[in-house]
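**Student:** Sequence:
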Amino acid sequence: MTTPDRRSSADVIALAKQYLIGNYTRYPVCLVRGDGSWVWDAEGKRYLDLFPGWGCGLLGHCPPRIVTAVQAQVAELIHVPNTWYTAPQADLAKALSDRTGWGGVCFFCNSGAEANEAAIKLARLHGRPRGRYKVVTMTNSFHGRTFGALSATAQPKYHAGLEPMLPGFLYAPHGDLDAVAKLIDTETAAILLEPIQGEGGINLPPAGYLEGLRKLCDQNGLLLMLDEVQTGMGRTGKWYAHQHWNIVPDVVTLAKAVAGGVALGGLITKPEVGALLKPGTHAATFGGNPLACRAALALIDTFDADHLLDRAVQVGERFRRHFLALKEKCPLVTEVRIKGAMIGVQLAVDGAAVVQKCLDRGVLINSTHQTVLRLLPAVNITDEQIDAGCGVIADVLLNHQA
Numbered sequence: 239m240t241t242p243d244r245r246s247s248a249d250v251i252a253l254a255k256q257y258l259i260g261n262y263t264r265y266p267v268c269l270v271r272g273d274g275s276w277v278w279d280a281e282g283k284r285y286l287d288l289f290p291g292w293g294c295g296l297l298g299h300c301p302p303r304i305v306t307a308v309q310a311q312v313a314e315l316i317h318v319p320n321t322w323y324t325a326p327q328a329d330l331a332k333a334l335s336d337r338t339g340w341g342g343v344c345f346f347c348n349s350g351a352e353a354n355e356a357a358i359k360l361a362r363l364h365g366r367p368r369g370r371y372k373v374v375t376m377t378n379s380f381h382g383r384t385f386g387a388l389s390a391t392a393q394p395k396y397h398a399g400l401e402p403m404l405p406g407f408l409y410a411p412h413g414d415l416d417a418v419a420k421l422i423d424t425e426t427a428a429i430l431l432e433p434i435q436g437e438g439g440i441n442l443p444p445a446g447y448l449e450g451l452r453k454l455c456d457q458n459g460l461l462l463m464l465d466e467v468q469t470g471m472g473r474t475g476k477w478y479a480h481q482h483w484n485i486v487p488d489v490v491t492l493a494k495a496v497a498g499g500v501a502l503g504g505l506i507t508k509p510e511v512g513a514l515l516k517p518g519t520h521a522a523t524f525g526g527n528p529l530a531c532r533a534a535l536a537l538i539d540t541f542d543a544d545h546l547l548d549r550a551v552q553v554g555e556r557f558r559r560h561f562l563a564l565k566e567k568c569p570l571v572t573e574v575r576i577k578g579a580m581i582g583v584q585l586a587v588d589g590a591a592v593v594q595k596c597l598d599r600g601v602l603i604n605s606t607h608q609t610v611l612r613l614l615p616a617v618n619i620t621d622e623q624i625d626a627g628c629g630v631i632a633d634v635l636l637n638h639q640a
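All you need for the numbering used here is the position in the sequence shown, starting with 1, plus 238.
These are calculated hints, taken from the structure and not from any lab test.
It should be emphasised that the depicted structure is a prediction, and the values quoted were computed from it without experimental measurement.
Please note that the accuracy of each hint is not assured.
Pairs of lysine-lysine residues, derived as BS3-like cross-links and limited to a Cα-Cα distance of at most 30 Å, are as follows [stated by the list, open to error]:
1) 283 with 372
2) 595 with 567
3) 283 with 332
4) 395 with 372
5) 283 with 420
6) 420 with 332
7) 255 with 567
8) 595 with 332
9) 567 with 516
10) 567 with 395
11) 372 with 359
12) 508 with 332
13) 255 with 395
14) 283 with 255
15) 359 with 420
16) 453 with 508
17) 372 with 508
18) 516 with 359
19) 420 with 395
20) 516 with 453
21) 565 with 516
22) 565 with 359
23) 359 with 453
24) 595 with 283
25) 255 with 372
26) 372 with 420
27) 359 with 332
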């Protein structure tokens, strides 16, 4: 049995500041333990986490089935290279493919950026015989920090100081089909977008938009590639968010929640497209390791056993009722955008101070795109926790001094 770490937040923060690169903006809190939607700091203060794991904690902190699966797997086999077969990887590929409704084959990696890099490679491999390499993406998108994924991310603030970006990426205003159509030429290989933009502010697609993009791809021989890193694995009430719009993509990328907090990314694609990744074209040393795959299988088991697709819808509707009621009496709230357990509250003011005041009151939320409160709660959060968290947020906003 290990001895509990008795160091204070101040002790850990001092050590981190001495030895860690300061590329993250961090709150002066050292978290030490989590259970569901609760998390505790080193001083024993409890917080209600409405943004667990930056979207990775789809089942909250330390979900029992995942804990048990990881504990069992770590005693059997932690990692072997992909020159060998393992049952958890094969089982997970089948489980993910079965849930698409259209079949598919999988590639596994460790993060969303890596998954999107693999998708970009597929686009170029698919387009190469016809001299096609360009990818159209959308403004306010976010696809990752590596150079291919960063070049696909149509937000100049993330490019600043790192230019030039990789060639071949063209940006269209989100929601504008005509603008996308005008960018397509004989060198275009694919369209890449998030079915619901996450970091961009929880932006839902306009009616007919995703269906129109599918039609454009069919007419021009392009791949439709959907970045479901934030939307996938049941968060929106469907296994994959694109299923709300009844379209069939050519490529879907996944990460964040897929293994319930254990690092895992992946890609699902039509078999004829996946065949383009031949030996030597792409790889990920830790991708699809037995530990992460067992965790992902446990997440899927939990969803099935506890009917969490339905629960994700219920969670979203409960948050919607709270925030629409708040909008009626608080002029700082200008719009509410929700799909399942993916929640955006548009503010008329900067959200950073609101996030800080909620932290002071023991509720963890996020602000993105400066003026959007973003919540990605666990789908198994209780009604009482939702009510308590929304009560704090409402009180902070109603008493906010701009």
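**Student:** If a hint holds in the structure, say so; if it does not, say that too.
**Tutor:** Taking the hints in turn, this is what the structure says about them:
no. : hint         : verdict
1   : 283 with 372 : 50 Å, violated
2   : 595 with 567 : 20 Å, holds
3   : 283 with 332 : 42 Å, violated
4   : 395 with 372 : 22 Å, holds
5   : 283 with 420 : 54 Å, violated
6   : 420 with 332 : 38 Å, violated
7   : 255 with 567 : 42 Å, violated
8   : 595 with 332 : 44 Å, violated
9   : 567 with 516 : 58 Å, violated
10  : 567 with 395 : 34 Å, violated
11  : 372 with 359 : 11 Å, holds
12  : 508 with 332 : 13 Å, holds
13  : 255 with 395 : 25 Å, holds
14  : 283 with 255 : 22 Å, holds
15  : 359 with 420 : 23 Å, holds
16  : 453 with 508 : 17 Å, holds
17  : 372 with 508 : 20 Å, holds
18  : 516 with 359 : 12 Å, holds
19  : 420 with 395 : 25 Å, holds
20  : 516 with 453 : 28 Å, holds
21  : 565 with 516 : 53 Å, violated
22  : 565 with 359 : 44 Å, violated
23  : 359 with 453 : 22 Å, holds
24  : 595 with 283 : 15 Å, holds
25  : 255 with 372 : 42 Å, violated
26  : 372 with 420 : 13 Å, holds
27  : 359 with 332 : 23 Å, holds
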